[in-house]
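Build out the structure end to end from the sequences listed, making use of the hints.
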Amino acid sequence: MSADAAQRGPDAEAVRAQAASWLLRRRDYDVWTEEDQRAFDIWLEASLAHRIAYLRLEAVWQDADRLTVLRPRSKGWVGPAVRGFGPVLARLTALLVIAVAIGAGAYFYFAQTAERTYATAIGERKIVKLADGSRIELNTDTLLRISSGAKGRRVSLVKGEAFFTIAHDAAVPFVVDAGHYRVVDLGTQFSVKRDGGKLNVDLVEGRARFESSERGNAKQRSIILVPGDTVVATADSLSLKRKSTDSMADSLGWRRGMLVFHHTPLAEVVAEFNRYNTQKIAIADPSIADRTITATLPTNDIEAFVRIAKNFFGLHVTHHGNDVTISQ
Amino acid sequence: MVDRSGTDFDETGWPQAGGGVSASEIDAWFVREVLPLEATLIQFLRRNSRNRSDVADLCQEVYMRAYEAAKERLPERTKPFVFAIARNLLIDRVKHEQIVPIETVADLDTLNIAIDEPGPDRVVMARDTLRRLQAALERLPQRSREAVVMRKIEGLSRSEIALRMGITEHTVNRHLTDGMCLLADLVYGEPTDTRGPT
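As they're listed, the protein sequences go chains A and B. Convert by adding 990 to the 1-based position in the first sequence; the result is the number in this note's numbering. Convert by adding 17 to the 1-based position in the second sequence; the result is the number in this note's numbering.
Rather than coming from a laboratory, the hints here were simulated on the basis of the structure. All residues carry an ideal CB built from backbone N, CA and C; glycine is no exception. Keep in mind that the hints are not guaranteed to be accurate.
What the hints assert, rightly or not - What the simulated footprint calls covered on chain A by chain B, stretch by stretch (three residues with Cβ under 8 Å from a Cβ of chain B suffice, anywhere in the stretch; the number is not a length):
| no. | segment |
| --- | --- |
| 1 | 1001-1011 |
| 2 | 1040-1051 |
| 3 | 1241-1249 |
Put into structure tokens, the structure is as follows:
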């Protein structure tokens, strides 16, 4: 009976399936473009049934972020669903290394001298693939310049953070300049983060040389970095520490769009979210700034953090304009 | 064309004069107050609908009417408001059937009774969300559960999950969206007294 069918809303099952794939794309994919947003808005406005199905799934899917409290630390998870979870990172790096090996050798791009600038906005991530097979992943709010020529392959990190997977070629060194220091690749995966005068380098795989950029500076000896090494440097201080594989994987969570916190003080959590979002969070009471949180949250999901602040810590959350203030 | 002529809310003191409510306010109200009624609503629809297979469509229709009506002003008491809509919807349906069996008409008189049945307490529900989610997770089909655990607990990306499970990202999507829908059904659609690991 068509009259009866017309009187009903759209097929609930079909709407649900659409809502689920939108939700997945929006919250769990690495890339969400303005175009996606436009298409999503159109879908959302097309029927009230769409909006409702989306709201319903979103509420539960967001709440499911809390399940992260079940995540065991450092030791492999022993639950039935995810037995043998440990070597994820190892497998992934193996895969990347293979990709690097295939790409090595072909560096037409570097044959001529050229300079290109790549930038990301707040909350944006970008992957730059170079013709030689190297790959640079730019994190939020990052600016870097790539040049190549007689002097080899050079990247200048002006600000922000990037993860480098370098196709090693002894004849054409790959150098990352970052203010006072530079990192010279010796067959490597590493990340460099530049925040004002502070520089942070994590070496994931292979070897790299960390050295002062100033040629005449004989006092500054260079350091060979090995996997697990993490360097924190300012213009006049330098420290080298060892990081566990877990903790290194955690600080690289941004590569899959996640922030990983492990007993992290709220003040730091807020600072991290503020790097990735134009919507800013502030902590009104210093007394709550050092409470710690352990969670894995999408970089763009302030809402998830706010829910945790509200529901787990019982904190007070106020919105004013676009911004959020958290208080006792 | 949705016929809303039957939606009168005399028992709730609705409607009253009032301005518009913002979309985000309605969204929040809907998630906070309407969704927790789902288990009771589905029971009610299942008992009173002649065609059990379209309960999901009926439920969607109730939600749409409730949302639409809330645009004017949020109701003070959500539960009687939602169940009045459900009742009116069922009456509309019967009116539009070409053949109305006598027992269906008789049953409609008893529909009010269900409105006063105790439903899930949303305060208790909010506090229980984690436990409900955990229990729901246990009940997902194995592959969906694995994918959801990797995504939500381990925080892996879709490509990492695909690698781990030895399947394509497309299939990961399916496991995740299936998991998403089932979690919502288990969290909202299951009566509260049967929650907990089985």
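Please flag the earlier hints that this structure goes against, numbers listed from lowest up.
none
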